[in-house]
Amino acid sequence: MKKALAQIFSRIKPLGILAVSLTMIFWYLLSVDGLGVISAIKFPPPSQVIDAVEVLGVKIGTDALATLSRVLFGLIVGTVLGSIVGALIVFSRRIGEFLHPLIESARPVPVIAMIPFFLMWFGIEEPGKLLLITLGVFMLIVVNVEESIKNVPRIYIDAAKTLGASKSQIQRRIILPSIIPNMIGPLRVAVALTFTLVVAAEFMGAQSGIGYRILEARRLFNPQVILLGIFQLGILAALMDTLLQKLMKRLTKWSGR
Amino acid sequence: MVGAPILSFKDVNVQFSAEGALTHALSEFNLDIYANEFICLVGQSGCGKSTALNLAAGLLTPTSGEVYMDGQIINGPDSTRAVVFQNDAVFPWMRVEQNIGFGPKSQGKSNAEVSDLVNQYLQLTGLQEFRHAWPMTLSGGMRKRVDLARAYAADPKILLMDEPFGALDFLLKENLQEQLRKLRGIDKRTIFFITHDLEEALFLGDRVVVMTPRPGTIAKIVECDFGEERTSALRTSSSFVSLRRELREFIGKIGESK
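The listed protein sequences derive, respectively, from chains E and S.
Note that the numbering used here numbers the first sequence so that position 131 is 131, with each residue one more than the last.
Note that the numbering used here numbers the second sequence so that position 200 is 200, with each residue one more than the last.
Source of the hints: derived by calculation from the structure; they are not laboratory data.
From a predicted model like this one, the values you see are computed outputs, not experimental measurements.
You may find that some hints are simply not true.
[Stated by the list, open to error] Not everything, but these chain S residues come out facing chain E in the computed CB check (under 7 angstroms): (1) Q86; (2) P92; (3) L247; (4) G255.
[Unchecked claim] With a Cα cut of at most 30 angstroms, we get these calculated DSS-like pairs of lysine-lysine: (5) S/K10 x S/K188; (6) S/K10 x E/K253; (7) E/K167 x E/K13; (8) E/K167 x S/K173; (9) E/K150 x E/K253; (10) S/K182 x S/K157; (11) E/K42 x E/K246; (12) E/K167 x S/K253; (13) E/K42 x E/K59.
Glycine included, each C-beta is placed from N, C-alpha and C at the ideal position.
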């Protein structure tokens with residue numbers, strides 16, 4: 001965690017710091033803290049956001065933890081299931097023929113459209129939220145694993161066969177490692193997607209989480225808490241993305257990325 | 001040639017249909033390959049020589065006729081016939097030693113046997129220093145050596161080589177040809193070698209098979225009695241040069257008559 005944070009900061013260059021500083025100054029000047037161009041109700045000033053941090057206290061941590069655990073669950077379970085199903089579709093002609101039209105027609109449908117059903121089935125309990133996030137990641141991963149496997153160069157598979165590898169050895173020792181570089185992009189997209197879905201899931205009703213806090217703040221008319229939640233989401237998503245990239249870099253040392 | 005051939009093509013025909021057009025790649029192709037010989041198949045691009053190799057590997061099935069390995073019809077690829085392809089087929093996600101150990105490990109050999117084979121072929125190909133290297137960090141010529149070592153370590157009865165040095169520059173190519181011939185002094189394995197380079201075929205082969213242009217069939221088989229040990233001096237020797245000239249003229253004639 002510390003290392004990942006250090007890495008985020010080590011990648012920041014002077015021009016980047018300038019951009020962030022200018023935005024902050026701009027925000028400060030426009031807000032009631034500065035020239036007061038925008039009212040505090042429409043866009044809260046920095047001072048109020050800092051106050052919100054003090055008022056919320058530990059809730060900032062517990063909200064972040066609740067949201068992050070949902071994100072991690074959806075990412076891990078969705079990726080594992082999506083990879084298994086994507087691989088089955090390619091490796092077994094029958095499973096492929098069976099699942100292909102189903103997945104292809106379900107895939108373009110935004111999972112968010114399913115929220116009313118999830119509310120009916122699970123209420124505001126945890127399973128509905130986890131299912132929503134997992135399903136979104138699953139659909140993204142299935143198709144990408146499928147395409148990546150189809151793109152494994154034929155020559156590696158032929159070479160492995162003539163060296164005496166069985167079908168399962170080819171799957172484990174040739175196909176699996178060779179698709180990993182192709183999966184970095186889709187996994188990064190999946191991280192961004194989980195943050196969208198987790199907020200949607202928490203909007204549909206929750207007792208914890210950043211999305212829940214934002215919705216509550218809207219009801220209580222606390223725009224500074226909404227803005228704080230947005231900052232929290234941004235930081236967490238950037239952190240996750242960095243951790244993912246670090247992990248993938250370790251797994252693809254051989255490719256010299 | 002004594003005894004039964006280990007690999008044999010019997011009346012093999014291969015036709016492909018690509019984009020509606022029918023291509024006759026091999027026609028009435030008959031060839032017997034005997035144990036411990038180094039046989040080179042030489043022909044122009046597109047004459048069906050790679051098709052012949054893919055049939056031998058079991059990566060392709062003939063339209064008619066049969067290909068036998070030890071008297072059995074070939075049914076799919078297996079480790080009795082390891083292939084070195086023209087393109088780089090070294091697995092980039094495995095270190096050099098894992099690449100070389102891939103064959104024996106896949107065949108279920110014990111760890112001790114795998115590491116013995118790996119060490120043996122690392123040494124024979126002069127790759128000891130690079131055993132822990134990632135293939136990406138090696139040059140094209142080095143990767144080819146990894147590819148050769150990997151094919152040998154799989155302990156095939158016959159090694160199939162599909163223009164393995166085709167993509168390398170001429171110095172590297174000559175160097176690897178000499179090393180391959182030297183390796184044969186230690187490990188006299190049957191090799192079926194495909195090339196479009198006449199000099200390469202004559203330098204390496206005990207027998208050289210000349211193919212006609214498409215549809216590929218055998219035009220001539222030549223014995224190359226240049227001995228077991230072959231060095232770069234052979235390339236400029238008068239017997240080598242005259243055989244090369246003779247075959248060059250022959251290939252020119254079959255090209256015209258087609």
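query: Keeping to a limit of 30 angstroms between CA atoms, is the pair of E/K167 and E/K13 held or broken?
result: Roughly 48 angstroms between the alpha carbons, so the hint for E/K167 and E/K13 is violated.
query: Is S/K10 close enough to S/K188, meaning Cα to Cα at most 30 angstroms?
result: Since the Cα atoms of S/K10 and S/K188 sit roughly 26 angstroms apart, the hinted pair holds (cutoff 30 angstroms).
- prompt: Holds or violated: E/K42 with E/K59, Cα cutoff 30 angstroms?
  reply: holds, 24 angstroms
query: Holds or violated: S/K182 with S/K157, Cα cutoff 30 angstroms?
result: holds, 19 angstroms
message: Is the interface hint satisfied for S/P92? The criterion is a beta-carbon contact with chain E at less than 7 angstroms.
response: Hint on S/P92: holds, closest Cβ of chain E at ~6 angstroms, below 7 angstroms.
query: Are E/K42 and E/K246 close enough, with their CA atoms no more than 30 angstroms apart?
result: Between E/K42 and E/K246 the Cα gap is close to 39 angstroms, so the pair fails against 30 angstroms, i.e. violated.
message: Hinted pair, alpha-carbon criterion (30 angstroms max): E/K150, E/K253. Please report holds or violated.
response: Holds, at about 23 angstroms.
Agreement of S/K10 and E/K253 with the hint, judged by alpha carbon distance not exceeding 30 angstroms: Not satisfied, since the Cα-Cα distance of roughly 48 angstroms exceeds 30 angstroms.
field: Cut-off 7 angstroms, beta-carbon criterion: hint that S/G255 touches chain E
entry: violated, 30 angstroms
query: When you check the alpha-carbon spacing of E/K167 and S/K253, does it fall within 30 angstroms?
result: Status violated; Cα separation ~47 angstroms.
task: Classify the hint on S/L247 as holds or violated, based on whether any CB of chain E lies nearer than 7 angstroms to its CB.
output: With a minimum Cβ separation of about 30 angstroms from chain E (threshold 7 angstroms), the hint on S/L247 is violated.
- prompt: Can S/Q86 be said to touch chain E, with a Cβ gap under 7 angstroms?
  reply: violated, 9 angstroms
In this structure, the hints that do not hold are numbers 1, 3, 4, 6, 7, 8, 11, 12, in rising order.
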